[in-house]
Amino acid sequence: MKIGEVISGSVTGGLEAKLQLDNPESLRIGYPVIVEGKTYDFYCLVEDIVNQELELAERLAGSEFKDAIIPGAGTHEGYGGPIFYSKAVLRPIQLIEKDSGDLSEPQTIPPYFSEARHAAKKDVELIYQITDTSVPLGTIRGIEPYFVHVDFERLSEKPFAIYGRTGAGKSILNKLICLSILAKDVGSVFIFDMVGEYGIYSRADQAKGLKFYFPDKVEVFSLDPKNTEAKPFVLDPREIQPEDLLVALQDLSPGMVDTIYAVYQRRGDRDLVTAIEGATVEQLGEALVHEMSLNALKRRIQRIKRLPFIREGKDAFGQMMGLVRQGKSIVLDFGEFGGDVSVYLFVANVLAHRLYDQYTEKSEDRRLIVFLEEAHKFLDPLVAPYTKFAQLARETRKFNLILALVPVRPFDERGVRHPERARRSPGRRDVGEDRRDDPGEDGGGDRRRDPRPDGHRRHEVRRREREGAHPRPPADDCGRDGGRRGEGEADFRGVRVRLASLLLGPPNDGSVRRVNRQRFEGYSKHNDYSAFGGGPGPL
Amino acid sequence: MTVRDELREELHLMMQYRGARQEPPPMEVKAIRPAESPADLVAVDGSYAFLYNLGSMWLAVARAAAIPYTLTEKGFHPRPPHIVDRAILVWTWEEIVSRQDEFHQKLFEATRGSNEPHKEMVNEFRKHLEGALALQVAQQYDSVVLALDGSLSAIPKELDHLEDVVAACEANENALVGVSKDSFLHAFGRSMPDEQVLASVGGMGYVRVPKEFESRQHGLLHGDVYFARLHAQAPKWFRVDVGTRRDDPDFVFGQLAAHARSGLSLGYPYGLMEAHRLAVLVRQSREVYEDEILKECAHLGMPVGEVAAGLTQMEGRRRGAFHEYLDRFARDVK
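In order, the protein sequence lines correspond to chains A and B. Under the numbering used here, think of the first position of the first sequence as 1, with each following residue one higher. Under the numbering used here, think of the first position of the second sequence as 1, with each following residue one higher.
Next comes chain B alone, as it looks inside the complex (with noise of 0.2 Å):
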């Protein structure tokens, strides 16, 4: 059998699995109605960027932001955005994770037996990081909806502060979302993920997903399950979670489909886009940190080349590891 043969065959299997199941989902979707006069919408996103690699050790830099938006005729008005950088040094090796203080523990614990250990322990702490920042929002403001970025579900419960966020935001009567990017959820038990199944659905709604799939999440989900398409010419649906006001999605939706209207972002909530934007700026501040890097390694007596060598690329490997000489020669070489 051949490597063509065999693509066919995959392929006949995927196409068989695709149509497994044909009846329509059991939906209801219901109309949204975007609020006449929207309260502001504070979003909440984070992201991280890894800069130097000495042995087992990793060392990153990660960032929460949070901006407020108001949504007037005229537009969108952001106010004076909420930023939250740290750095941290994480451990692969367990017999020094032990040493470690107890958050670190978790840290290490939390993401034991992932491949890239140390981008699961960075990548949670980002998640801890915009919890915090979530939290000190919902505090702060009342009557927003408060919109993070991602699901409402806790994992790992430990290092989460969603149940928190959740009561803070019902002290302060702020409608708590968490909107997707993309999802790969199977939740109406499709062979497609939902979000492919609905999007032969037209117009601009939201629908419930079964209470089957939120049974299953009991404990790590705080709120409820929908998947709404914000604008009628939207290009796609997300899965969103409601935290509060869960009573009340009719309400829920109308407010946030009032911030997805920008012609940018259609059906996105934009303060949620902008809010990435500042995000990601930390990737794009990693050369003024490789600076800093390069100096203080220098107070600290270590050679140059050797500090240069543990100079990571975005995703924590080495800048000089040999796999990226692979790569290059795999691309150059015709």
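Only chain A is shown next, with the shape it has when bound in the complex (with noise of 0.2 Å):
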């Protein structure tokens, strides 16, 4: 059925359609719809639907006339359609050549008023094929029951990620892929597991976990020294980088990020935990380090020292590379440790040393795909440049490593910035710790934060950068913000990670994680992984 037509468009920016439709009601965010073009047809979906702003419409909302027609839903068609008309935000996701049903990526758009119109199943099955290596993932709004096919061996060949507001089933989606690429062993997976989602049985919500589905291919790690039921996870100190510190500790100041560089120079065989708290101004020469910003650095490492799984013993990386290397995959429990964002940034990044390490200098078989829960926490721009993830999203793809990241999205669909984001400041203290005994933050002074806006900080942190007080990132980390875009786009430090075109939907209630649940029960039912090898683990 027609709904429209093309009124404007861009590749980059979509399509935008004229909507012909009595009531913009019968369309919804996420419905498929075909864009019928010469030589293509466009396979979209809705991102958005707009009414307008119209000043004859606000001055007749409210207008009490008697024995009128009141402008409405069909009451007044011109030459051109209705009056008062919805417009639709198409997405462009595939092309499909009308003569060969050929697909490709849309890098052109369909001309002025091409057709818009819903789509047909046999259009969908043209999109979603079914391959070997293909799991049906859910259905698709705006279509009879369909249920999407999605290649996981082409999935799983280039960085891709998964958007949605909080409570709109990105776990549950992500637990379902990584279910499916075990299925079709099509790799190893590795997932940072803030929330106790992955392992057995959901922490929140006894969900069934990764290891009920397939206990011999997967391993527990946990940071919580009270999980005994999965291996322990140990940090050895030496393996930690500046970078992580900066990661980890938001908060510091640009005396103290200098401060963080000029100990790691002058370490010696120390960790750079150590180094630090026994670092003096008189080691590191006045020229460089500021006694109170030393005092204050030494201060906040403390969170870092007092964390029990960073210390000296059996390598937890090199095990986790041996299980992988035997087609495990790996979930890292981050147990009581899962709220504090501090922990995770700093943990996560220094793991990401060592994965691209590993990945590029050491040619590894088994395709490892990293999902990383939470993460725009990494894209917030004072804290990408540091990270490793821009690069294992770059570099890594033709090693083997794929990066998978699953953030909120930064914006919803009004344009709003997501408040998880917009909370987020340099000064801010992610940690659950006690700050009441921290003076200046800076080398001098009681400030207790620091007032300048963040463009200054930021600005004054690349000054010292380019100054050489301590190493600065590869340039092209640098100097974008750190991967805020628009509704519906991604940009990792740069690099444009593929999106995954599942829209999850909007509701954000106490009955998501229900109806969550119920539909992953739903599909992990229908999909029947026991099939695959996995089967109800041992509890």
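No lab work stands behind these hints, which were simulated from the structure alone. Remember, predicted model here, so these are calculated numbers, not experimental data. A virtual CB, placed ideally from N, CA and C, is assigned to each residue, including glycine. Check before you lean on any hint, since a few could be wrong.
[Claimed, not checked] Beta-carbon label-pair distances, calculated as ranges:
id : chain 1 : residue 1 : chain 2 : residue 2 : range
1  : A       : 50        : B       : 171       : 48 to 56 Å
2  : A       : 50        : B       : 79        : 57 to 65 Å
3  : B       : 235       : A       : 52        : 19 to 27 Å
4  : B       : 31        : A       : 72        : 26 to 34 Å
5  : A       : 59        : B       : 210       : 31 to 39 Å
6  : B       : 288       : A       : 52        : 19 to 27 Å
7  : A       : 72        : B       : 33        : 20 to 28 Å
[To be verified] Result set (DSS-like, lysine-lysine): computed pairs, CA atoms no more than 25 Å apart in a straight line:
id : chain 1 : residue 1 : chain 2 : residue 2
8  : A       : 328       : A       : 158
9  : A       : 305       : A       : 231
10 : A       : 18        : B       : 74
11 : A       : 158       : A       : 362
12 : A       : 66        : A       : 87
13 : A       : 66        : B       : 236
14 : B       : 211       : A       : 66
15 : A       : 328       : A       : 314
16 : B       : 30        : A       : 66
17 : B       : 211       : A       : 298
18 : B       : 30        : B       : 236
19 : A       : 314       : A       : 226
20 : A       : 305       : A       : 328
21 : A       : 305       : A       : 226
22 : B       : 181       : B       : 211
23 : A       : 87        : B       : 74
24 : A       : 121       : A       : 38
25 : A       : 158       : A       : 184
26 : A       : 328       : A       : 398
27 : B       : 181       : B       : 30
28 : B       : 74        : A       : 2
Assemble the dimeric complex from its two separately framed chains, guided by the hints.
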């Protein structure tokens, strides 16, 4: 059924269609739509539905006309369709060549007035084709019940991302993707499990996890000593790099940042944390380090020092890589540290460094897909230059290391910055530590927070980088906005990541988790992972 | 005497004339009952746009548009419109006009003495197109309301089709009306225009102008002249000329009032609004036509600069004319 015609568009910005529907409520975000060009059918998803601002509508709203035909859905048609019409923003996903049926990336746009219609099942079947490595992942809105087949061999060839607002079901979808990867054995997965979602059972709702379905293919490591069922995760402090501290301790002043690099260059064979604890201004030189900065840094470093899993011992990373080589997947459970963002950032970054080195320096045959939950936390402009994930996303595909991002959408449909991101600022203290004893942060004065705007501080950090106060990250890692882009786009420190074409719905209330769990149980039951070698675990 | 003094004096004069005749005009306002099952309404309107000027020659394009509307409980639903687009070249230099065909000579004669004859000629051409389209519609449809934009006066008579339109409407039992958007008539003999005189009359109704006015227009006017407020909350009265079904104005205004119930245009037939929108599209298409002109002139060997210099503004003025510079200068220099 025709729903409208294309009135504007660009390859990068998507298409805009003037709707010819009596009622815009009959269209929803995520509905598949076919735009019929001359050479191609453009398979699109509805990204937004808009009633444009009209002065006329504003004037008429609230009027009380007697015996009049008030403009409304379908009451006033003009030569060009309804007078008051809605528009749909369409995101082209694939091109279907009309003659051959061949699929290609959307690298062109249809002519003006191309007809947009609801996609039919036969259209969708062309897009989500069944292959040896595909698994039905869910249904798609706006079409008769149809299970979307995703080819996981192809999906895991390049970095990808799953976007959605909090409560939209990202973790559930992510779990289904992980299970499908394991079921089709297209690689191993490595998951930073902040909330205990992926082990045997979900800590939140007891939904079955990866280890439940694939007990022999999944190994769980835990940062939390209380989790005795998992292998202990031990992080050798010698693995800690300056950037790991910058990522974890986001409230560092420029003076403290300089101090970290100064200590790092003079640490000898000590680990960085120990070196900072023992550092003095006399050793480092007054020209490089200010005493107040050093003292403030020492206080902050205690947050890292106190983490029980940082100790010398059996190298967990080595064990993990050994298991991956055996075809196993890794779930890294954060246990009680799951709520501590700085610990998450810190551990994920340290492991990212090691994964990067491992896969780029020693070729690994087994494809590893690293799932980074809460990825938006790494996109903060102040954090992004110091994380290793951009390089992972950009450089490691050819080394069989694939990054999968699971961020909360940075902007909602109205273009409003997501509050979780908006709250983040250089002075924000993510770590649940008592900070009462914290005097000035920049080596002087009693300033508790740097009152300068973010841009100023960022500029200052960059300036110091340029002056050689500490090694500068690769040029193309800097100068970007840390990944903030418009709705539906993602830019991970300059690397465009391929978007998973699955839009997650907006509901976010108490019932969402229950519903998501039901969906998950439904799909996982439908998929019958036992047929692929998975099955209930020992519990 | 200063300018201020003069202003005050003139204002005093205006107020005196405004209240020159205070007694209420002799008028009989009749109630309108909107038709419950209204007939279809076909609305006709036209527009034009100047494109190119070379010496005393002006090239323009005109459009006449007719759009049929069916009114149901759900609202206003159009059927495919009829559109006639025509280009025309007019000369304002008599010597050349005398060598043109009869039609162009008629246009010239009809507008002789005008300050801006090129505008008048193209406007007459636009009316001619509208009339031709109205005639076509009147012959094609039956038992509809045929609503034309403007009065049913034929000036100049030679270029008009109104007589034929009336005949066709009578043959096909169409109700022919002409609705004027704005009227400055003084048919009721007041110093204020009739529209303003009637503004104080509330409610919904129609009133016929005094016979003396119509008799003065004899031979040019093809109908009876009324003023009507087609909806109780309409912002104004409109002049409505009734060309057929003249013996049953209740019927005609009942039909018209039904089509004037849109919240977008209370008291004005919605179909006429849409016909107007469709007609003025020709002005928005100027760039397309200008592209054609540039290409064709290039084929004909005209220098681009000369061609570009001839492109005109909406009302036929050259884009680079000196007055345009003066206007901009006056606007920009504080």
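Against the structure, the hints come out as follows:
1. Distance hint check: the CB atoms of residue 50 of chain A and residue 171 of chain B are about 49 Å apart, consistent with the given range 48 to 56 Å.
2. Judged by the Cβ atoms, the range 57 to 65 Å given for residue 50 of chain A and residue 79 of chain B is violated: they are separated by roughly 29 Å.
3. Checked against the hint of 19 to 27 Å, the C-beta distance between residue 235 of chain B and residue 52 of chain A comes to roughly 26 Å, which is consistent with it.
4. Remark: the range hint 26 to 34 Å for residue 31 of chain B to residue 72 of chain A is upheld by a beta-carbon distance near 28 Å.
5. Taking 31 to 39 Å as the suggested C-beta distance range, the pair residue 59 of chain A and residue 210 of chain B conforms, at roughly 37 Å.
6. Range check, residue 288 of chain B to residue 52 of chain A: about 25 Å between beta-carbon atoms, so the 19 to 27 Å window is met.
7. Evaluation of the 20 to 28 Å hint for residue 72 of chain A and residue 33 of chain B yields a pass: the beta carbon distance comes to about 25 Å.
8. The straight-line distance between the Cα atoms of residue 328 of chain A and residue 158 of chain A is roughly 20 Å, inside the 25 Å bound, and the hint therefore holds.
9. Between residue 305 of chain A and residue 231 of chain A the alpha-carbon distance is near 21 Å, which keeps this suggested pair within the 25 Å criterion.
10. A hinted pair counts as satisfied when its Cα atoms are at most 25 Å apart, and residue 18 of chain A with residue 74 of chain B qualifies at roughly 21 Å.
11. Of the supplied pair hints, the one linking residue 158 of chain A and residue 362 of chain A holds, its CA atoms being roughly 20 Å apart against a limit of 25 Å.
12. At roughly 30 Å between alpha-carbon atoms, residue 66 of chain A and residue 87 of chain A are farther apart than 25 Å, so this suggested pair is violated.
13. For the hint linking residue 66 of chain A to residue 236 of chain B, the alpha-carbon distance of about 16 Å falls within 25 Å, and the restraint holds.
14. A hinted pair counts as satisfied when its Cα atoms are at most 25 Å apart, and residue 211 of chain B with residue 66 of chain A does not qualify at roughly 34 Å.
15. Proposed proximity of residue 328 of chain A and residue 314 of chain A is supported: the alpha carbons are some 19 Å apart, at most 25 Å.
16. Our distance criterion of 25 Å between C-alpha atoms is met by residue 30 of chain B and residue 66 of chain A, whose separation comes to about 20 Å.
17. With a CA separation close to 103 Å, the supplied pair residue 211 of chain B and residue 298 of chain A exceeds the 25 Å bound.
18. A threshold of 25 Å between alpha carbons decides the hint, and for residue 30 of chain B with residue 236 of chain B the separation of about 16 Å falls inside it, so the pair holds.
19. Restraint check for residue 314 of chain A and residue 226 of chain A: the C-alpha separation of about 18 Å stays at or below 25 Å, so the hint holds.
20. Of the pairs offered as hints, the one joining residue 305 of chain A and residue 328 of chain A is violated, with about 31 Å between alpha carbons and a cut-off of 25 Å exceeded.
21. Using a Cα cut-off of 25 Å, the hinted pair residue 305 of chain A and residue 226 of chain A holds, with the two alpha carbons roughly 19 Å apart.
22. Annotation: proposed proximity of residue 181 of chain B to residue 211 of chain B holds, straight-line Cα distance about 22 Å (limit 25 Å).
23. With a C-alpha separation of about 22 Å, the suggested pair residue 87 of chain A and residue 74 of chain B falls inside the 25 Å cut-off, and the hint holds.
24. Restraint check for residue 121 of chain A and residue 38 of chain A: the C-alpha separation of about 21 Å stays at or below 25 Å, so the hint holds.
25. Using a Cα cut-off of 25 Å, the hinted pair residue 158 of chain A and residue 184 of chain A holds, with the two alpha carbons roughly 17 Å apart.
26. Among the hinted pairs, residue 328 of chain A with residue 398 of chain A is consistent with the structure: their alpha-carbon atoms are about 20 Å apart, no more than 25 Å.
27. Straight-line distance between C-alpha atoms of residue 181 of chain B and residue 30 of chain B comes to about 21 Å, which keeps the hinted pair within the 25 Å bound.
28. As the CA atoms of residue 74 of chain B and residue 2 of chain A are separated by approximately 21 Å, the hinted pair is consistent with the 25 Å bound.
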